[in-house]
Amino acid sequence: MYDYIKAIILGIVEGLTEFLPVSSTGHMILAGDLLNFEGEAADTFKIVIQLGAVMAVLVLYWTRYMGILKDMLAFKFKTPGKLNALHLIVAMIPALIVYLVFKDFIKEVLFGPGPVLIGLVIGGILMIIASRVKRKVTAENTDDITYKQALGIGLFQCFALWPGFSRSGSTISGGLLLGTSQKAAADFTFIISVPVMFGATILDMYDSREHLNSDALLLFLIGFIAAFVVAMIAVVTFLNLIKKLKLEWFALYRFVLAAVFYFLIMR
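Position one of the sequence shown corresponds to residue 14 (the numbering used here), numbered consecutively onward.
Rather than coming from a laboratory, the hints here were simulated on the basis of the structure.
Note that the coordinates shown come from a computational prediction; the quantities given were computed from them, not determined experimentally.
Beta carbons: idealized from backbone N, C-alpha and C, even for Gly.
Do not rely on the hints blindly, as some may be mistaken.
[As the list claims (entries may be wrong)] Simulated restraints on C-beta separations:
1. 110 / 230: 33 to 39 Å
2. 76 / 151: 24 to 30 Å
3. 76 / 277: 40 to 46 Å
4. 142 / 275: 21 to 27 Å
[What the hints assert, rightly or not] Only pairs whose alpha carbons sit at most 30 Å apart, straight line, appear in this in silico DSBU-like list of lysine-lysine:
5. 196 / 89
6. 196 / 161
7. 256 / 161
8. 161 / 259
9. 149 / 196
10. 147 / 256
11. 196 / 83
12. 257 / 161
13. 259 / 147
14. 161 / 95
15. 95 / 149
16. 147 / 257
17. 95 / 147
18. 116 / 161
19. 19 / 120
20. 259 / 149
21. 257 / 149
22. 256 / 149
23. 95 / 196
24. 91 / 196
25. 95 / 257
26. 256 / 196
27. 83 / 161
Can you build the whole structure from these sequences, using the hints too?
Structure below.
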């Protein structure tokens with residue numbers, strides 16, 4: 014029973030943090046450490062529930078994805094003045110290359126409480142800089158984003174491979190520095206998250222396939238559902254908050270979180 018409670022807690026943590034600029038991976042590593050939920054099976058569980066959060070965004074942006082897919086099937090990969098498949102491809106390539114090249118290093122060196130705390134702080138500093146640097150806004154919404162901006166945001170997404178940095182924090186910061194509005198950067202971040210995270214999750218699940226057995230099925234299912242439901246609520250809430258709050262508030266939260274966990278775990 015205690016394992017199921019852990020599954021619910023971690024599912025809630027994943028759903029709440031996956032698409033906020035606070036680092037879901039960092040939260041999961043720190044929460045797993047506190048709950049003593051670690052090891053290869055626990056790592057596989059975290060991969061599975063991440064897929065639950067991904068599915069939540071797929072549902073919320075279903076109409077947008079269907080429009081992009083319809084254009085792809087009609088071989089319209091590049092539609093001027095409209096977000097299309099080429100934007101997503103350009104934005105995904107940098108992180109995909111870096112992940113494939115440094116996957117083992119990332120998992121062996123960066124997946125620990127210490128590196129996560131460092132990532133939380135450095136990522137928070139990046140968000141403050143992006144929030145304060147004045148840039149002319151050239152993309153008020155996602156359809157205004159250029160291919161050059163998409164590539165730039167994709168390069169910033171590479172920072173997210175460091176647990177604690179936050180994928181949404183990195184990409185939204187990149188979008189602001191490259192001239193998108195905060196709302197456009199957030200929307201674009203969510204839209205590109207599904208193919209990026211789905212691909213990475215499937216690869217990780219394949220690598221951890223020996224732990225995907227019937228004995229753990231109920232545990233995985235509980236965590237998956239918790240992450241899915243909470244992520245649906247979190248994304249809608251964040252999209253409303255992003256219209257009112259600057260990234261600096263999320264950066265402040267990251268600093269406080271890093272300080273708290275430093276005293277709880279590292280000392």
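Okay, the hints, checked on the actual structure:
Between residue 110 and residue 230, the C-beta spacing of about 34 Å keeps the proposed range 33 to 39 Å intact. Our hint of 24 to 30 Å for residue 76 and residue 151 holds, since their Cβ atoms are close to 25 Å apart. A hinted range of 40 to 46 Å holds for the C-beta pair residue 76 and residue 277, which are about 43 Å apart. In this structure the hint that residue 142 and residue 275 lie 21 to 27 Å apart at CB holds, the actual value being about 23 Å.
The straight-line distance between the Cα atoms of residue 196 and residue 89 is roughly 26 Å, inside the 30 Å bound, and the hint therefore holds. For the proposed pair residue 196 and residue 161, the alpha carbon gap of about 18 Å is at most 30 Å, so the pair holds. At roughly 24 Å between alpha-carbon atoms, residue 256 and residue 161 fall within 30 Å of each other, so this suggested pair holds. Between the alpha carbons of residue 161 and residue 259 the distance comes to roughly 24 Å, so the proposed pair stays at or under 30 Å and holds.
Proximity of residue 149 to residue 196 is assessed by CA-CA distance (about 15 Å); at most 30 Å being required, the pair is judged to hold. Between residue 147 and residue 256, the direct Cα distance comes to roughly 17 Å. Compliance with the 30 Å bound is thereby established for this hinted pair. Distance hint between residue 196 and residue 83 is fulfilled; the C-alpha atoms sit about 25 Å from each other, no more than 30 Å. With a C-alpha separation of about 27 Å, the suggested pairing of residue 257 with residue 161 holds against the 30 Å cut-off.
Between residue 259 and residue 147 the alpha-carbon distance is near 13 Å, which keeps this suggested pair within the 30 Å criterion. A distance of roughly 14 Å separates the Cα atoms of residue 161 and residue 95; the hinted pair therefore holds under the 30 Å criterion. Distance hint between residue 95 and residue 149 is fulfilled; the C-alpha atoms sit about 20 Å from each other, no more than 30 Å. Between the alpha carbons of residue 147 and residue 257 the distance comes to roughly 17 Å, so the proposed pair stays at or under 30 Å and holds.
A distance of roughly 26 Å separates the Cα atoms of residue 95 and residue 147; the hinted pair therefore holds under the 30 Å criterion. In summary, the hint linking residue 116 to residue 161 is supported, as the alpha carbons are separated by about 26 Å, within the 30 Å threshold. At roughly 23 Å between alpha-carbon atoms, residue 19 and residue 120 fall within 30 Å of each other, so this suggested pair holds. Proximity of residue 259 to residue 149 is assessed by CA-CA distance (about 17 Å); at most 30 Å being required, the pair is judged to hold.
Taking the CA atoms of residue 257 and residue 149, the gap is near 19 Å; set against the 30 Å cutoff, the hint holds. About 18 Å separates the Cα atoms of residue 256 and residue 149, which keeps this hinted pair within 30 Å; it holds. For a cut-off of 30 Å, the pair hint linking residue 95 to residue 196 stands: about 16 Å separates their Cα positions. Restraint check for residue 91 and residue 196: the C-alpha separation of about 23 Å stays at or below 30 Å, so the hint holds.
Among the hinted pairs, residue 95 with residue 257 is consistent with the structure: their alpha-carbon atoms are about 26 Å apart, no more than 30 Å. A threshold of 30 Å between alpha carbons decides the hint, and for residue 256 with residue 196 the separation of about 7 Å falls inside it, so the pair holds. With a C-alpha separation of about 23 Å, the suggested pairing of residue 83 with residue 161 holds against the 30 Å cut-off.
When the structure is compared with the earlier hints, no violation turns up for any of them.
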